[in-house]
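Between the sequences and the hints, there should be enough to build the whole structure, so can you do that?
Chains as they are written, first to last, in the working numbering: chain A, 1 to 276; chain B, 1 to 276.
Do not take every clue at face value.
Each pair may be met inside one copy or between any two copies, as identical chains are not told apart.
Restricting the straight-line Cα-Cα distance to at most 25 angstroms, the calculated cross-link-like pairs of lysine to any residue (SDA-like) are [claimed, not checked]:
#1 K89 x R99
#2 K89 x S105
#3 K213 x G47
#4 K89 x G100
#5 K146 x S170
#6 K187 x V248
#7 K146 x A14
Simulated from the structure, these hints should not be mistaken for lab results.
Protein chains: 2
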Amino acid sequence: MFNLYWADESGFPAGDRGAAYGDGLFETIRMYGNRGVLLSRHLARMGRDAGRLGIPIAPTDLRKACTAAVSRYADRFPNKEGESGWVLKLTLTRGEGGRGYQPGSGMRPNLMVSASPMPAAPATSGVAADVSRVPLTVNPLLAGIKSLNRLEQVMAAREITGELYEMIMSDSAGNLVEGTRTNLLLKGPGGWVTPPAKSLAVAGILRQWVLEKLRAKGEVVEERAVGMADVLGSHCQGLYLLNSVIGVVPVRSFAGQDLPADDGLATIFNPLELLE
Amino acid sequence: MFNLYWADESGFPAGDRGAAYGDGLFETIRMYGNRGVLLSRHLARMGRDAGRLGIPIAPTDLRKACTAAVSRYADRFPNKEGESGWVLKLTLTRGEGGRGYQPGSGMRPNLMVSASPMPAAPATSGVAADVSRVPLTVNPLLAGIKSLNRLEQVMAAREITGELYEMIMSDSAGNLVEGTRTNLLLKGPGGWVTPPAKSLAVAGILRQWVLEKLRAKGEVVEERAVGMADVLGSHCQGLYLLNSVIGVVPVRSFAGQDLPADDGLATIFNPLELLE
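Structural data, given as structure tokens:
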């Protein structure tokens, strides 16, 4: 079990290892009223990745915290016709204690629960993205984990100015890996392409769901490195940004070059059909 | 200026970006009574690296916070004969706000100030260290910064068990880079060797001080990659761990092999002579 903190009541205690070392992980879940989009997948990922970090957590306890969060927060975001919902954030840390970096034995995790309005929706006609000057480094042991170590994403997000919606980060080989808060999916002549999970800082819930959905429809999906030429070459049929809160976002302009953009893929994901 | 938080009073507010993203940095300073070891260097590093992260901070304001911290905390750790002092920790975050990873404009940083007893002193005869299974990844843009993104160090520190004092982390090329909380210095037939600053996750205050001191004495100090063979080969004349709170620690056993260890270098650093 964990200690539960409500963000509208207090922050973590001073000794929490989240603020000290980023020793934890988080989920952001799109909610409509008292139900969440792909909720089970979010909780399963948090449980699995907490296990990878050695933070003991039972998914059933996370589920109970979500139920309590809905009781506390859902009324603040009325589920009216046309409303876009709200965002539930779970931040789980290893807790308090230990000797410096070294955790103590039998530590009790801390869970902070917060609610916020939905971010502004991107234009359905597509958004502009560019290549970040901040390189992305991914520790193989931590690949895919939505941990609290997100300083690279913060530094890249500082470059988002003007009309830009997202910055795409590259690895040391120059491959495009992911946006600050989105995964990448590319449409080419041979089918769909996305960087492999092991190369990702954050392996998104929506990315996994879309890959499964496309494969179930019989479409070809390849997980391989994506270079600038894959996106800017004439064979590119579209680039999409994936984020489970925001949805599927077509990119109409990348690094100053127009891309073919339609919202064809956007319609594959209807959050209202995936409420739990 | 920043908002000041005393760790014995409260934690950061719930919206602080430190706990959310590790969006900040910290210093740990060895204190004796009301004076700190290499205090100016610690504050200068925090000021410089905060600037690299785009967190506005005036070193003079940090200095004032240290003075207030001494008033508040020093009496709890009486400066008796033979006492080892105490540890002052400054944790500086970008503050509250912004949209997700993207910081807001004109944010006011948060500074948390805490005090703790000195950690147990390592044996003067030397300590045992081993190679961590956790690889070290260093983003060139963030190299050397004692940021709050320390999950790799936490994961490596979990491997410190039994008689082990430290785990040494390697880069993807297999070079030994640094310990979880220490920098490395090696004595070889040609002089001293230490991994270059640009390869380091944390460029330690004591490392820089020792390099300057050795060079001032006319000794040869080379900054280059260090491999296992450099340490385990017969030409190795000693391996030392450097940490500004703990001091210079000789390693008598590395990866199960005995090393030549004496406290010759340890005597170069007398914290009592470096109080400010």
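25 angstroms Cα threshold - placement of G47 relative to K213: within (23 angstroms within a copy, 49 angstroms between copies)
How would you label the pair K146, S170 (within, between, both, or neither) given a Cα cut-off of 25 angstroms? The answer is both: 18 angstroms in one copy and 23 angstroms across copies each meet 25 angstroms.
Give the relationship of K89 and G100 under a CA distance limit of 25 angstroms: within one copy only, between copies only, both, or neither. This pair counts as between: shortest inter-copy Cα distance 11 angstroms, intra-copy 27 angstroms.
Could you figure out if K146 and A14 sit no more than 25 angstroms apart (CA to CA) within one copy, between two copies, both or neither? For K146 and A14, both the intra-copy (23 angstroms) and inter-copy (19 angstroms) Cα distances are at most 25 angstroms.
Measure nothing new, just compare the shortest in-copy and cross-copy C-alpha distances for K89 and S105 to 25 angstroms and report within, between, both or neither. For K89 and S105, the Cα distance is within 25 angstroms only across copies (23 angstroms; inside one copy 27 angstroms).
Could you figure out if K89 and R99 sit no more than 25 angstroms apart (CA to CA) within one copy, between two copies, both or neither? Result: close only across copies, 14 angstroms inter versus 29 angstroms intra.
Alpha-carbon proximity context of K187 and V248, limit 25 angstroms: within (13 angstroms within a copy, 56 angstroms between copies)
Of the numbered hints stated above, none is contradicted by the structure.
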